[in-house]
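> The residues making up each chain are set out below.
Number of protein chains: 2
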Amino acid sequence: MARWEPNPQGRLEQAAWELFRERGYDDTTVEEIAARAGLTERTFFRYYADKREVLFSGSQDLEKLVVDAIAAAPAQAAPLEMVAAAFEAAGRLIQERRTLELVRRRQSLIAAHAELREREVMKLASLASAVTTALLERGVAQPAASLIAESGLAIFKVGFERWVADAKRQDLAHYIREALSTLKAVTAGRGRTIRREKAAPR
Amino acid sequence: MARWEPNPQGRLEQAAWELFRERGYDDTTVEEIAARAGLTERTFFRYYADKREVLFSGSQDLEKLVVDAIAAAPAQAAPLEMVAAAFEAAGRLIQERRTLELVRRRQSLIAAHAELREREVMKLASLASAVTTALLERGVAQPAASLIAESGLAIFKVGFERWVADAKRQDLAHYIREALSTLKAVTAGRGRTIRREKAAPR
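These protein sequence lines are chains Y and P, in that order. Counting from 0, one number per residue, gives the positions in the first sequence under numbering that gives the first Met the number 0. Counting from 0, one number per residue, gives the positions in the second sequence under numbering that gives the first Met the number 0.
FYI, nobody ran anything at the bench for these hints, they're computed from the structure. Misleading hints may appear alongside valid ones.
[What the hints assert, rightly or not] The list that follows gives simulated cross-link-like pairs (lysine-lysine, DSBU-like), each with its CA atoms no further than 30 Å apart:
id, chain 1, residue 1, chain 2, residue 2
1, Y, 63, P, 122
2, P, 122, P, 156
3, P, 156, Y, 156
Please put together the full structure from these sequences, using the hints given.
Dropping the structure here:
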């Protein structure tokens with residue numbers, strides 16, 4: 000219990016996760032989250048636009064970190080490598096801020112609620128757009144900038160899913176790198192992407 | 000005016016586009032769309048879950064076409080080529096069904112309304128998921144299947160945007176192929192992706 004900590008946003012987030020666990024996401028109100036944190040609804044809305052946003056706390060920090068990492072990447076780096084490295088850094092931020100258990104609870108909630116999936120895809124679309132802008136600012140031309148941004152998002156999403164499902168407790172960054180090398184293999188038409196034994200003849 | 004045509008869905012769609020043009024998307028109600036089409040609200044809801052869905056009419060046909068094209072692709076085709084070819088076919092379907100003027104009006108409406116952008120990203124996420132499943136059924140392993148699906152969506156989205164913005168009236172399929180070759184170049188670290196004159200030294 001962190002009720003007496005000075006950090007109101009952290010208290011709201013912790014209260015929300017406690018209540019989601021106790022009574023479920025649907026049956027938890029903003030009023031109850033604020034009350035559990037010892038704060039007012041007005042304070043809640045100073046930090047979050049709605050109940051959904053509690054699950055996406057930190058998404059602005061993550062977007063900023065990714066954009067800053069692209070801006071600061073060595074000039075000679077290939078753009079896709081810049082983006083992959085930026086997402087590896089994002090992966091480290093996620094692992095610093097949330098336990099794997101919390102990440103998994105969050106993913107289960109998102110999977111179970113259409114309104115949360117909707118919010119998530121909008122956040123990812125916003126991130127793709129920010130990455131495109133960061134690449135354009137590094138002098139990458141279109142349509143390469145958009146394609147690299149979307150591919151970067153793809154390796155982040157796929158790496159993230161595999162990390163969440165992983166039993167071996169490897170770092171998220173490991174799965175992001177793995178997804179990058181798989182992407183390179185499939186676009187080059189290389190790699191053991193087909194499970195030959197299951198490919199049906201047609 | 001197609002008011003007396005037997006096709007209720009086509010009449011609803013045409014009525015909706017007329018009303019969106021006359022009074023704007025926000026100020027058009029489902030009741031008005033139904034009335035203009037000479038139909039009841041009940042009939043409207045038989046075809047569309049809500050007003051937003053009118054803009055995404057045909058998205059199920061498009062998803063089915065893409066999935067079927069992947070299922071029917073030659074066994075020796077590289078998976079990313081299968082997906083790109085499926086999206087080229089989707090591009091031809093779009094060009095058969097909508098004029099470029101209507102596509103552009105639709106894109107402007109989506110850009111201007113958060114609720115429509117939200118619906119669009121959900122449709123694209125559903126399409127990515129359907130493509131992943133179709134690839135798994137063709138024997139493509141994970142994480143390659145998800146990465147190829149996401150990359151395929153990226154070339155479709157980027158190709159689509161360039162087609163809509165294009166003054167030269169090339170086919171959508173042309174821009175999808177162009178996006179595929181750009182994607183291959185950037186993942187291979189090849190290609191003139193950097194506008195050297197603007198790349199700031201860091």
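> Run every hint past the structure and note whether it holds.
Each hint tested on the structure:
| no. | hint | in the structure |
| --- | --- | --- |
| 1 | 63/Y to 122/P | holds (27 Å) |
| 2 | 122/P to 156/P | holds (12 Å) |
| 3 | 156/P to 156/Y | holds (17 Å) |
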